[in-house]
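Peer 1: Chain L is already provided as a structure; the job is to place chain F on it using the hints.
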Amino acid sequence: MQSRRSFFKTTFLATSLLALTCKEVLALTTPLEILEVVQVDLFPQNMISNANAFAYLSLILKHSRVTQEDKDYLRNGTRWLNEESLKQYNKNYTQLSKNQRQKLLKIIAKESWGRGWIKTVLGYIMESTLGDPIYGINKNESGWKWLNHESGLPRPKEALL
Amino acid sequence: MSKMYDVCIIGSGAGGSPIAYELSNAGFKVLVLEKGKDLKEKDVNKDELAVSRRDMFTPKLQEQRHIINDRNKDGSVTRYDGAEYSWSFWNGSMVGGSSNLMSGYFHRMKPNDFKLKSVFGEIKGANVVDWCISYEDLEPYYEKVERLIGVSGEVKKHKFLEPRSTSKFPYPKLEENGVTVWFDKACDALGFESIPTPRAVLSRNGLDRNTCSYSNFCGSYACATGAKGSARAALLQKCDAEIVTDAFVYKLESDAKKITQVHYYDSDLKSHTVDAKIFVLSAQAIESSRLLLNSKNEFFPNGMANNNGQVGKNLIFSAGGSGQGRFNFEDLNEDEQKELMQRGLFFNRSLQDWYEYEDNNQAFKGGTIDFLFEHANVISRASREFINDEGELIWGEELQKKIHKTLTTSKVLSFEVFNDWLPTDECFVSVDAKAKDKFGVAVGAINLWGHPHDLEVGEHLAKNAVKVLKEMGAKDISYSISSAPPPNLVAGGCRFGNDAKTSVLDKNCKVHELDNLYVTDASFMPTGGSVPYTWTIYANSFRVADVIKKDLI
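Taken in order, these protein sequences are the chains called L and F. Under the working numbering, the first residue of the first sequence is numbered 1, with each subsequent residue one higher. Under the working numbering, the first residue of the second sequence is numbered 162, with each subsequent residue one higher.
Don't read these hints as lab results, they were simulated from the structure. In this text, a Cβ means the ideal position worked out from N, Cα and C, and glycines have one as well. Be aware that a few hints might be false.
Derived BS3-like pairs: lysine-lysine, alpha-carbon spacing no greater than 27 Å straight-line [as the list claims (entries may be wrong)]: (1) L:Lys62 <-> F:Lys221; (2) L:Lys110 <-> F:Lys221; (3) L:Lys110 <-> F:Lys563; (4) L:Lys157 <-> F:Lys203; (5) L:Lys98 <-> F:Lys203; (6) F:Lys566 <-> L:Lys106; (7) L:Lys139 <-> F:Lys305; (8) L:Lys145 <-> F:Lys566; (9) F:Lys203 <-> L:Lys119; (10) L:Lys119 <-> F:Lys563.
Reference listing, derived: stretches of chain F covered by chain L, where coverage requires no fewer than 3 residues with Cβ under 8 Å from a Cβ of chain L [as the list claims (entries may be wrong)]: (11) 527-540; (12) 556-565.
Next up, chain L with everything else stripped away, as it sits in the complex (with noise of 0.2 Å):
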């Protein structure tokens, strides 16, 4: 946490020029298009869409018990990502091949800050693809049945949001 705050502060000031020179381009991509993109980068396309997984990221965003900062983080990644598309390709991050979108995964990952963002995003990946149909996640328990899991039960009968 700690080290995530002092990259808050010094990131800022250190691509508010470069924000100022691509405004146009920024304009143009959203931090949950750019969620959306990263997803399917980060695990495969077909887990991803049984897994609801962008839905789900959008249900974190809004969740009582996901802290401020945690969501802030969240989004703040996507951002720091695509300033780093830019730095590297002049390109907003999904407007990438996807090729380019890999070896950028790969440069962030060097760094504290993208090896934790990307493990954050990876976290929630496992909780769509793993949790509870009931948030509708893991369709047909498809994650499930793919790890030969059994839920304990009870199951929930509705949602903790």
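Peer 2: Here is chain F on its own, set in the frame of chain L:
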């Protein structure tokens, strides 16, 4: 408007519920104030997202948290705000408290645990004292817990088996996973004494509760059958004590000799007052000291019962750590693979061979090692696979394959080491000067330090646990012994003793300075033994209930 009760109990966990059960069943008017909700068997489930990922049973840290003052090696102290660092010391805010969420690994303390100083002598830098009661004083109550809470197991003779007034547990041992046979063979080969772990889980219907359903999700989850011996299922649901939920007690009032009232906030932050003849504090160790320290008046300017400055002192946790080894399909035949993946059945094995041991001609108080399969939480298990053998973060198909292989063709056997966390001047509860919770009340500050002796003992135990895993053929064996405090294994802060200058409570857990205030959670413990605390908390609370009953009659 204030009502008058015979007994008002603050906190409904293992420390408070035996008092509520005994006194209300004896015809007294008992009120229990509980900060959390009343969740019964029908209200709970095995939702990993809610229970383990979103922490539904504990307060939001932005609303209620602790300040942690961590002592560094050079003696300096680093202040951590629990909300900022996601460092939580909450366990279970609900009727029955954290006993709802325990795994129920039940071990009694041993006779020598009650006289550590006499048997093992002083340790420099530690405040070790003998207890003011003996094992013999508590034994009848350990036995009572076996019957009333429901303990299942098999009494097996071993070097450190404590004296028992009965030859058997009232409930036979739970069904076991076949891998326990591998474990027992390994222990035989090494000359270690494998012990079936007693559990506070019913192995057959009894006590008007259902038997265990072997749901595979026990620890961290509330029990939906009632088999687990939570304070709620075993005691509060079987007595007429009045329970007020969403009641956060923020102040005790007193005159020079008696508590006169307690004040609590409801969920709308409206204040209420309770009058009673006797008050029992059992809000869990850290919060009980915090409430006393926050309750200042002209008679107790340093906090209730704190004219000797002892409240909050000598906070202890369970020292030790944990370790693990992995069994892979490629090393096993087909039958062994099936045994390994048997679902729901318990592992339930412990070692106490080194409860006391000698090293370099010096006698050491050692501890307990419990063995168990890794938790069945599938999201957590999958999330542990993000790093490959080279230490690199992975994703995509590589991650997908790794998760599938690990979770479907291998299983981890873990161990947990429990040894004494020596009480010291540097580990204590205080009240933070700045931070306040959502009620506007100063939050508890946890001042942390672990004595180096604790690590030495923990290492000794862990190395022996590793020998068993190696003998069993486990791979990727690792362990970690540290001074990191387990938040669910906390005690002390209001130690009992015969000397009113050096202790907060007398031998009956009544505050020395007040005639009608008792503290019955784990706060009373001057040392913790080398076992999980819950059985001892229950037993002591039943003991104190008998004392209060005599007082009231």
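Peer 1: All hints are to be evaluated individually against the structure, with a verdict given for each.
Peer 2: Against the structure, the hints come out as follows:
Note on Lys62 (chain L) and Lys221 (chain F): the hinted pairing holds, with a Cα-Cα distance of about 15 Å set against a maximum of 27 Å. A hinted pair counts as satisfied when its Cα atoms are at most 27 Å apart, and Lys110 (chain L) with Lys221 (chain F) does not qualify at roughly 33 Å. Distance hint between Lys110 (chain L) and Lys563 (chain F) is fulfilled; the C-alpha atoms sit about 21 Å from each other, no more than 27 Å. For the hint linking Lys157 (chain L) to Lys203 (chain F), the alpha-carbon distance of about 11 Å falls within 27 Å, and the restraint holds.
The suggested pairing of Lys98 (chain L) with Lys203 (chain F) is violated, with an alpha-carbon distance near 49 Å, which exceeds 27 Å. With a C-alpha separation of about 24 Å, the suggested pairing of Lys566 (chain F) with Lys106 (chain L) holds against the 27 Å cut-off. Of the supplied pair hints, the one linking Lys139 (chain L) and Lys305 (chain F) is violated, its CA atoms being roughly 48 Å apart against a limit of 27 Å. For the hint pairing Lys145 (chain L) with Lys566 (chain F), the CA-to-CA distance comes to about 14 Å; that is within 27 Å, so the pair holds.
Restraint check: the Cα-Cα separation between Lys203 (chain F) and Lys119 (chain L) comes to about 35 Å, which exceeds 27 Å; the hinted pair is violated. Only pairs whose Cα atoms come within 27 Å are accepted, and Lys119 (chain L) paired with Lys563 (chain F) is accepted, the gap being roughly 15 Å. Chain L is given as covering the segment 527-540 of chain F, and this holds because 3 residues of the stretch bring a CB closer than 8 Å to a CB of that chain, at least three being needed. Counting residues of the segment 556-565 of chain F whose C-beta lies closer than 8 Å to any C-beta of chain L gives 7; at least three are required, and the coverage claim holds.
In this structure, the hints that do not hold are numbers 2, 5, 7, 9, in rising order.
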